[in-house]
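Chemist: Chains as they are written, first to last, in my numbering: chain A, 1 to 543; chain B, 1 to 199; chain C, 1 to 206; chain D, 1 to 97.
Watch out, some of these pointers could steer you wrong.
What the hints assert, rightly or not - Sample of chain A residues at the chain D side, in silico, Cβ under 10 Å:
no.: 1; residue: S46
no.: 2; residue: S168
no.: 3; residue: H189
no.: 4; residue: I230
no.: 5; residue: F322
no.: 6; residue: V330
no.: 7; residue: I481
Said to hold, decoys possible - Within a straight-line C-alpha distance of at most 30 Å, the following computed DSSO-like cross-link-like pairs (lysine-lysine) qualify:
no.: 8; chain 1: B; residue 1: K180; chain 2: A; residue 2: K290
no.: 9; chain 1: A; residue 1: K200; chain 2: D; residue 2: K70
no.: 10; chain 1: D; residue 1: K66; chain 2: C; residue 2: K166
no.: 11; chain 1: B; residue 1: K48; chain 2: A; residue 2: K290
no.: 12; chain 1: B; residue 1: K190; chain 2: A; residue 2: K426
no.: 13; chain 1: B; residue 1: K48; chain 2: A; residue 2: K348
no.: 14; chain 1: C; residue 1: K19; chain 2: D; residue 2: K66
no.: 15; chain 1: A; residue 1: K427; chain 2: B; residue 2: K190
no.: 16; chain 1: B; residue 1: K190; chain 2: B; residue 2: K127
no.: 17; chain 1: C; residue 1: K19; chain 2: C; residue 2: K166
no.: 18; chain 1: B; residue 1: K48; chain 2: A; residue 2: K427
no.: 19; chain 1: A; residue 1: K493; chain 2: A; residue 2: K539
no.: 20; chain 1: C; residue 1: K90; chain 2: D; residue 2: K66
no.: 21; chain 1: D; residue 1: K73; chain 2: C; residue 2: K110
no.: 22; chain 1: C; residue 1: K19; chain 2: D; residue 2: K70
no.: 23; chain 1: C; residue 1: K166; chain 2: A; residue 2: K21
no.: 24; chain 1: B; residue 1: K190; chain 2: A; residue 2: K493
no.: 25; chain 1: B; residue 1: K57; chain 2: B; residue 2: K82
no.: 26; chain 1: A; residue 1: K21; chain 2: C; residue 2: K90
no.: 27; chain 1: B; residue 1: K43; chain 2: A; residue 2: K430
no.: 28; chain 1: D; residue 1: K70; chain 2: A; residue 2: K19
no.: 29; chain 1: C; residue 1: K110; chain 2: A; residue 2: K200
Claimed, not checked - Away from chain A, derived, C-beta distances all over 12 Å, residues of chain B:
no.: 30; residue: S91
no.: 31; residue: V93
no.: 32; residue: Q102
no.: 33; residue: V112
no.: 34; residue: N123
no.: 35; residue: T131
Hints were generated in silico from the structure; no laboratory data involved.
Where is the CB? At the ideal position from N, CA and C, for every residue including glycine.
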Amino acid sequence: MTDNSIAIKKEHESYLEHKGKYSGLFGWILSTDHKRIAILYLVVISAWFLIGVTLGFLIRLELFTTGETIIGPQTYNSFFTVHGIIMLFLFVIPGIPAIFGNFFLPIMIGAKDVAFPRLNLFTWYLYVLGSVLVITSVFLPGGAPDSGWTFYIPYSVRTGTNMIITLSAAFILGFSSILTGLNFIVTIHRMRAPGMGWFKMPLFPWALYATGWIQVLVTPIIGITLLLIIFERLFGVGLFDPSLGGDPVLYQHLFWIYSHPAVYIMAVPAMGVISELITVYSHKTIFGYKAIAFSSLAIALFGSLVWGHHMFSSGMSDTANFVFSLITFVVAIPSAIKVFNWTATLYKGSIELEPPMLFALAFIFLFTIGGLTGIMQGTLSLDIHLTDTTFIVGHFHYVIFGTAGFGVFGGLYHWIPKMFGRLYNKKMAKVSFWFLFIGFNILYFPMFVMGWLGMPRRSYDYLPEYQIYHEISTVGSWILIIGLVILVYTIIKAIKSGERTSEMNYCGGETLEWYVETPPTHENFDEVPVITGEPYAYKQNEL
Amino acid sequence: MIAQVSNYTQSVDNTFIIVTGICVFFLLLITVLLVFFSIRYNKKRNPKALNIHGSTKLEVIWTIIPTLIVLYIFWIGWVDYKELANAPKDSMVIQATASMWQWKFTYSNGKVADTLYVPVNQNIKMKLNATDVDHSFYIPAFRIKRDAMPNTNNSTWFNAEKLGSYTLFCAEYCGLNHSKMITKLKVVSKEDFNNWLNK
Amino acid sequence: MSSEGNVAVHVHRDDEASKLGMWLFLFTELTLFGGLFLMYSVYRYTHQADFHLAAQNMNTFIGALNTAILLTSSLTMALSITALQRGSKKLSLSFQAITIFFGLIFLVNKYFEWSHEFHIGNFPGSESLLNKSQGEILFFGLYYVMTGLHGLHVIIGMAVIAVMMKFTINNVITRTNYVKLEAAGLYWHLVDVIWIFLFPLFYLIS
Amino acid sequence: MEGKDKHTIHNHSYTAYIIVWLALLTFTAITVAVAGINFGNSTIAIALIIASIKTYLVLTIFMHLKLENKTFKIFVIIAIFFLVISFILLFSDYSNI
């Protein structure tokens, strides 16, 4: 790296053009460059996302009328199971950390790569293996898994469908997620640029750091739990077989010890993205930097302690219901703090309603609805009525799709020019936003209403009194899909044939990714930057 | 609004209205601020931003106020739940057994039915069990739901104050015909009930 | 700078980072077993008497012997690092070999234990086990899953140490660059720690 | 980046390891001996306390935690804290308080 001739040559050679040991496709799938790995993830995750969307679209279409509309009950059950597995394990859990985290975490903290580049590539292979297994399980004889993504025993032990492959896939995907989290934690601890103390670090790395801890600590618990279902199916161990003494409630505990924090694995990185977007497009420093940073940690901590609120109706002791409900309300507070701080950041800003900013504002709105309906579900007596109805389906789509989904979309529009050195069509991007935003609300809001009226979730059929809400919801899904089609078209067109740009800082950001070239060079920085100021100084605004 | 059929549903609905009210207030607050700031401090109108790094006073306020509010919500939810958690001692006990994909109700005299008949104004304790996989006993009109699972002893209770016929769902996904696992709760007068029970 | 793959290795060596990564990995192992310990504690709590009854089948002597073997292997593992740091590659290699050897003995004992249980019919799904009480079935279910998973970790640990021996011979691991051996040692000690808890929970509760 | 080549050799002496090993064996012997005596419900507690002491020794000495910097210690505390709190919360369901 002291060789000047190499350094000069690099200045003009982006990571996209960089020639490593291999060229062509191998130059990508054997590359340990964090940016190339991010693109690999982007490609694969997008593909699975579109399959998941298609399944969701078909589920909604089936529910357009009572009785059979397009598919039978077994197909329907498989569809919502596979939709859940794909969307959660293949899209939202890896999504933001694997794509934007991989690409921007090292750049934002002034590092040349992550701490373990080869491990990073390995996680991508694990991810691909896991995702291929998920798809395989759908097509093998025996039939697609139909247990719901929650794999509740005893059903997941009894059903004749291809559970073992699906469970192994989830196990492998969990492992991939753990290793990504581990890599990020070590990267943040060891590879921050000189001068970048913890509180000079941008908020997206902060969010990834908190997420990393959740990934490392809780994911193995679902790993072992899923492994036990496999053992149960293969050997009949008896640990999860009620007729041999197995306790179905204990399974739910073990499952949710992971799967509730997993919600924060999905949401916290998206919150990190939004913190970046809000400051950049308000062109001012973030309001309450430390409050936002600490609230990420607080969410990670308390979020790991509230799993029982998925089980209020499962017959837990009153003590457990009391404790879990109480902590659930505690976790609402750091989320509220984030929302207030983001909103306060807008005050006296100079706001540009660029496409990413529209997604960021929509994110705050949708997340607020998701969070507030979460409060309703945390209320014991209301949850008894609302749990396992479409209310909760609406709630978690607002929370998960509204955050991770809109976070990914906003992030894509924000960073695509940086990642590929190409511009997208802003008009089209805005059109896609409005379709997505309006379609989203028409699709998911009716679920709150019919959930309160008692419509159970995961139901293939329903009583006629709920039909009107299902119809509205299905129409909403069509609008949403139009928005998605426009979004995908806009982004693919940008990457393939968008107008080239090499403008380093096209949106007035102040974090380090705006001080590297567009697209970044192979090692990001010619010289390791030395950090002296805070991450969002915006000195020009000071009086 | 769905039918209110007992004291319990009345208090749950009150809680629902209070909580929804608080939620709508906060949603409106945030939404109005988002829209107002986006317009008022738009780049065209306000080309130069002003840095505001934060305000400890505000942070404290918007930590403490939400904390108090959520603690209050937690408490009213718990009070309702507490009532649901303990069936009165004088309850009439009915055993509900769930299996794929039907309900079976066994009365103290051994009578078995697939529709749940109960007398009006009587505390009813439902003992819940399942023979195969997880199910859930759910009557929206009564705002009660409790999982019925193999190898566990769950129970819930209710008191129907109005005659009528109400839908009883299985709320926990249980396989192929989960959505067809619906039956009726029929609330009848004490006389009719005794006639039916001893028929 | 010619090959991407090697950049990270040559340019940037950070032992601290490697060790942090290893510790984080150990935490994942810890919570992996943690899930099983959670399960054990609940089932033991709800089936106390049955667990005591079932534990009488366990041979405390073999259990204690295996504990001693594993503790000793931990000692030799730790010593191998010190030996290397003091420059005696041969001594370090012998200690590593002894560690693997102790791991092997542990597994042999385990094999006899399991085959004894299989012989008397106490294996998952067997008729004689299914006739026992629910608590005993759960006990043996947990016993097989937890000691089996632990045994798998012993095997992985032995394989890892074997690779470390190869590295030591090839001078990939040296007196000044021994973080790989240290990481392998951490893994081996964790496997030991887990056994420290498995031993009383399965052998000493009768 | 190049400046991180601090190979401070940190390790314990042979003797230290052997003393710890002897201590571990002694604790094993104690735990086996104690298990023979019936302390009722506290039997399992005693066994677990001894196991925790053994774990502490392995962590600090064999695994060099004593010689590592603060980050490592905080990491371990976080992990153990998470596990312990999971047990407590899980038992809020199962124990009848």
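Chemist: Does A/S168 meet its interface restraint, that is, does its C-beta lie within less than 10 Å of any C-beta in chain D?
Modeler: 25 Å, violated
Chemist: Are the Cα positions of B/K180 and A/K290 separated by 30 Å at most?
Modeler: 52 Å, violated
Chemist: Can A/I230 be said to touch chain D, with a Cβ gap under 10 Å?
Modeler: Constraint on A/I230 not satisfied, violated at 22 Å.
Chemist: Compare the distance between the alpha carbons of B/K190 and A/K426 with 30 Å, and conclude whether the hinted pair is satisfied.
Modeler: 70 Å, violated
Chemist: A/H189 was flagged as interface toward chain D. Is the shortest Cβ-Cβ separation under 10 Å?
Modeler: For A/H189, the interface hint holds, since the closest Cβ of chain D sits about 7 Å away, which is under 10 Å.
Chemist: Minimum Cβ separation between B/S91 and chain A greater than 12 Å?
Modeler: Since the minimum Cβ distance to chain A is about 17 Å, B/S91 lies beyond 12 Å and the statement holds.
Chemist: Run the distance test for C/K19 versus D/K70: straight-line Cα separation, threshold 30 Å.
Modeler: 13 Å, holds
Chemist: For the pair we were handed, A/K493 and A/K539, check the Cα-Cα distance against 30 Å.
Modeler: Given that 30 Å is the threshold and the Cα spacing comes to 36 Å, the pair is violated.
Chemist: Holds or violated: A/K200 with D/K70, Cα cutoff 30 Å?
Modeler: 21 Å, holds
Chemist: Taking the minimum C-beta separation from B/Q102 to chain A, is that value above 12 Å?
Modeler: 15 Å, holds
Chemist: Within a Cα-Cα threshold of 30 Å, do A/K427 and B/K190 meet the stated pairing?
Modeler: 69 Å, violated
Chemist: Sort out whether C/K90 lies within 30 Å of A/K21, counting only the CA atoms.
Modeler: 37 Å, violated
The structure fails to meet hints 1, 2, 4, 6, 7, 8, 12, 15, 19, 21, 24, 25, 26, 28, 29 and 35 from the earlier list, while all remaining hints are met.
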